[in-house]
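Q: If you're matching them up, the sequences are chains A and B in order. Residues in the first sequence are numbered consecutively from 0, following numbering that gives the first Met the number 0. Residues in the second sequence are numbered consecutively from 0, following numbering that gives the first Met the number 0.
For the record, the hints were derived by calculation from the structure and aren't laboratory data. Accuracy of the hints is not assured; some may be wrong.
Unchecked claim - In the EDC-like style, the derived pairs of lysine to aspartate or glutamate whose C-alpha atoms are separated by at most 16 Å in a straight line are: (1) B:K17 - B:E68; (2) B:K188 - B:D232; (3) B:K55 - A:E357; (4) B:K31 - B:E195; (5) B:K229 - B:E242; (6) B:K31 - B:E192; (7) B:K97 - A:D295; (8) B:K77 - A:E343; (9) B:K31 - B:E242; (10) B:K31 - B:D232; (11) B:K197 - B:D224; (12) B:K55 - A:E332.
Unchecked claim - Chain A is nowhere near these chain B residues, computed Cβ spacing over 10 Å in every case: (13) D24; (14) G61; (15) F84; (16) N100; (17) D125; (18) D176; (19) D217; (20) V218; (21) D232.
Just so you know, even glycine gets a beta-carbon here, dropped at the ideal spot from N, CA and C.
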Amino acid sequence: MPDLEEAPVLLSERFRAAALERYTTTRSGRDKPGRYWKIDLDALDLPMLLQIGAGSVRFDGVAAGTIVCDLDTAAREHGSLLERAFGATRLRSTKFGALTTAYTGLGAFVYVPRDRQIDEPIVVTYASEAGAAIFPTTVVLLEDGARATVVERFEAGSGAFVCAATEVVTGERADATCAAVQTLPDDARFIATRTASPGRDARVAWAFADLGAELVAASAETTIAQPGARVDVTALFFPAGDQHVDLVTSVLHDVGRSTSDTLVKSAATQNGQARYLGNIRIAANAQQSAAWLRDDALLLSKHSHIDSVPALEIAANDVRAFHGATVGAIDVEQIFYMESRGIERAQAERMIALGFFEPAIARFPGETLREEIRATLAAKAG
Amino acid sequence: MSGTGLVIHDLHARVEEKIILKGIDLNVQPGKVHALMGPNGSGKSTLAFSLTGHPKYEVTGGSVSLDGENLLALAPEKRARLGLFLSFQYPAAIPGVKVANFMHAARQAVRPDGLGPAAFRRLLLDKMEALDMDPAFLGRYLNDGFSGGEKKRLEMLQLSVLAPKYAVLDETDSGLDVDALRSVGNAVKALRESDEGKATGFLIITHYPRILQYVTADVVHIMMDGRIVKTGDAELAQRVEREGYDTIREETGALA
Chain A
0 MPDLEEAPVL
10 LSERFRAAAL
20 ERYTTTRSGR
30 DKPGRYWKID
40 LDALDLPMLL
50 QIGAGSVRFD
60 GVAAGTIVCD
70 LDTAAREHGS
80 LLERAFGATR
90 LRSTKFGALT
100 TAYTGLGAFV
110 YVPRDRQIDE
120 PIVVTYASEA
130 GAAIFPTTVV
140 LLEDGARATV
150 VERFEAGSGA
160 FVCAATEVVT
170 GERADATCAA
180 VQTLPDDARF
190 IATRTASPGR
200 DARVAWAFAD
210 LGAELVAASA
220 ETTIAQPGAR
230 VDVTALFFPA
240 GDQHVDLVTS
250 VLHDVGRSTS
260 DTLVKSAATQ
270 NGQARYLGNI
280 RIAANAQQSA
290 AWLRDDALLL
300 SKHSHIDSVP
310 ALEIAANDVR
320 AFHGATVGAI
330 DVEQIFYMES
340 RGIERAQAER
350 MIALGFFEPA
360 IARFPGETLR
370 EEIRATLAAK
380 AG
Chain B
0 MSGTGLVIHD
10 LHARVEEKII
20 LKGIDLNVQP
30 GKVHALMGPN
40 GSGKSTLAFS
50 LTGHPKYEVT
60 GGSVSLDGEN
70 LLALAPEKRA
80 RLGLFLSFQY
90 PAAIPGVKVA
100 NFMHAARQAV
110 RPDGLGPAAF
120 RRLLLDKMEA
130 LDMDPAFLGR
140 YLNDGFSGGE
150 KKRLEMLQLS
160 VLAPKYAVLD
170 ETDSGLDVDA
180 LRSVGNAVKA
190 LRESDEGKAT
200 GFLIITHYPR
210 ILQYVTADVV
220 HIMMDGRIVK
230 TGDAELAQRV
240 EREGYDTIRE
250 ETGALA
C-alpha cells in the first residue's frame, strides 16, 4: 500500500473510502443463485475475508517512446495523463470495479503517444503470494492514431484472490487490443472488471481466456460514445472440476456508425458450471450501427452446466444486428466419423473440443499466447 | 467364422425400431472388388454403418468377421484398427480440426509406425500429388465448408493414407460430377497398385452404375428390401444401366 499521506489525490484515503462505499451500496447486477449456480456475488463479504497482500507488477516488451509504469509512479509523474483515463469510464460505478479501486495498491499505466504504433505486445504480469488478495488496476491510454497490444497475466499461489480492473481509453483512430490469460490455481478466486471507451473511428479489442481459479466473475463493458468506433470482444472459458465462471459482456452503442463483434466460446466438463450474459444495447440515435453476438457452449459431461443468455436491446431502426447461441454436447456424427478412422473416443472428444475453441483462439494476439491457450485447454480436456 | 475375408453372414439390423437389413450374406476376399447396387431405401447405407459400428444402427442378428476376428464385438475405432474403412457419403464437418492433424491422428491410430510430423507430412504430400490435390487442403478445417467434390477427395486421400484391408465406399446417390467419380476411380486404382493396398478388398456401394466405369468390379450384387436378391459379374451392372431395377425386381419378386 502506498503511503497515504503522500499519495496523490487519485489514490487518497478519501477517494478509496468513497470507492469502498460505492462497492458496498452497489449491486453486482448478477442473478441470484439458482438450480445450478450456487454463488451469490452480492453476498460475498470480501473485504472482511481478505488478507491484502502487497503483490508485485512487472513489465515485458516495453517499446521506446511509450510510458509503461506502475500506478504509483504514474500518479506521481504523469498525473495529468493518468487522470484522462483513470476513472474516465464506468469502471468505478460497477460493484467490483469500485472494490478494486478502493484497495488498489498495485497497478499499471500504459500510455502510447499520438501515431505511435507498436507491434510487440506489452505484457503486464501481476504476482501475489499464496493466500493473499491483490487488487491490480491496469489503465491504458492511447492517443490519436496510436496502436498497441496489452496482455495482462496473473501469477498467484494457492488460495489467492485477485480482484482486477482494466480501464481503456483511446483517442481518434487508435487501435487497442487488451488480452488476458488467467490460469490461477484451482483454489484461487478471480474477479475482473473491464471497461473501455474508444475514440472516434478507433478500435478496442478485448480477448480474455479464463482457464484457472475456482470462481471467476468477470465483466467487460465497452461504451461507444464516438462515431465510427469498432469493438471486438472475444472470450473463452472452460470450467472443469468444481470451477465456476460467471461472465458478462456488454457493448453499448450510444452513437451511430459504430460496430461491435462479440464471440464467446465455452465448454464445461466434470462439475464445471458457467453462466454467460451477453448484452448489446443500441440507443435510439445510434443509427447505422452493426452488432454481432455469437456464443457457443459445449457440454462435455453429464454434470456440467452452462447458462447462456444473449440480450439485445435495440432502440434504433436502421441497424444490423445478429445474435446466435448454441448449447449442447458434441455431435455424435462428429465422434463416429473420427472413431471410424481408428481414433479413440476420448481423443476424438478432445480434438473436437479444442477445435471448437479455435475461432476464439484465433482472435488472441500472438502465436505464443495462442499456443499457451491451446496447451492449457488441452490439459483441461484431459 | 474363421479364415480371411470380410465375411458377412445372415446380417440383420435396424435403425430406431425399423428393420432394414433382413439377412445379408457377403464374402469379400482380399484384392477383390465387389459392387453392391440397389435402389434408394434398399438398405445399402445401413449395411455400411452396421459394419462400421455407428451407434444409431443396431445389429439384431447374424455375424461379421474380418480375417477371422468377430467385428461386431468391437467398438468402431477397434474395427478401423483391424483394417476396416468406410468412405462416407456425407462426412461430418469438424471445425477447428485441421486436415493435417486429423490425418496424422488417424494414421497413427490404424498404422502406428511412429512417423514424425515431418516424415508424415512428406507421405501426405506424396499421396496428395498422386490424387492431384492442392496441398492447401492440409491447413483447412476438416470438411468445414467443403464442396461435395472436396469432401469426396478428402475421403479418397484417407483411403490412400490409411490403406485399409477392407474398404467400404458408400457412393449412394452422391450426385458426384465426373471429376469426383474419376478421383474415386484414381484413388482405388492407386491403392491397388501400392504395396500397402495391393490386397485391399473393396465393397463399393452405389445406386448408379456410373462409378463402375472407373473401377471394374469382380462381383456385382443387387440389393432390395434389405436382402441381396441377385449376384453376378460386371455384366449385371450393365444390365442395371440398360433396364434399371424394375426388371430385376419383377424377376426376383423383391418388394423394394
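Q: Decide, hint by hint, whether the structure agrees.
A: Now for the hints, and whether the structure bears them out:
no. : hint            : in the structure
1   : B:K17 - B:E68   : violated (28 Å)
2   : B:K188 - B:D232 : violated (19 Å)
3   : B:K55 - A:E357  : violated (29 Å)
4   : B:K31 - B:E195  : holds (15 Å)
5   : B:K229 - B:E242 : holds (15 Å)
6   : B:K31 - B:E192  : holds (13 Å)
7   : B:K97 - A:D295  : violated (20 Å)
8   : B:K77 - A:E343  : holds (8 Å)
9   : B:K31 - B:E242  : violated (26 Å)
10  : B:K31 - B:D232  : holds (12 Å)
11  : B:K197 - B:D224 : violated (33 Å)
12  : B:K55 - A:E332  : holds (10 Å)
13  : D24             : holds (24 Å)
14  : G61             : holds (21 Å)
15  : F84             : violated (8 Å)
16  : N100            : violated (7 Å)
17  : D125            : holds (20 Å)
18  : D176            : holds (23 Å)
19  : D217            : holds (25 Å)
20  : V218            : holds (24 Å)
21  : D232            : holds (30 Å)
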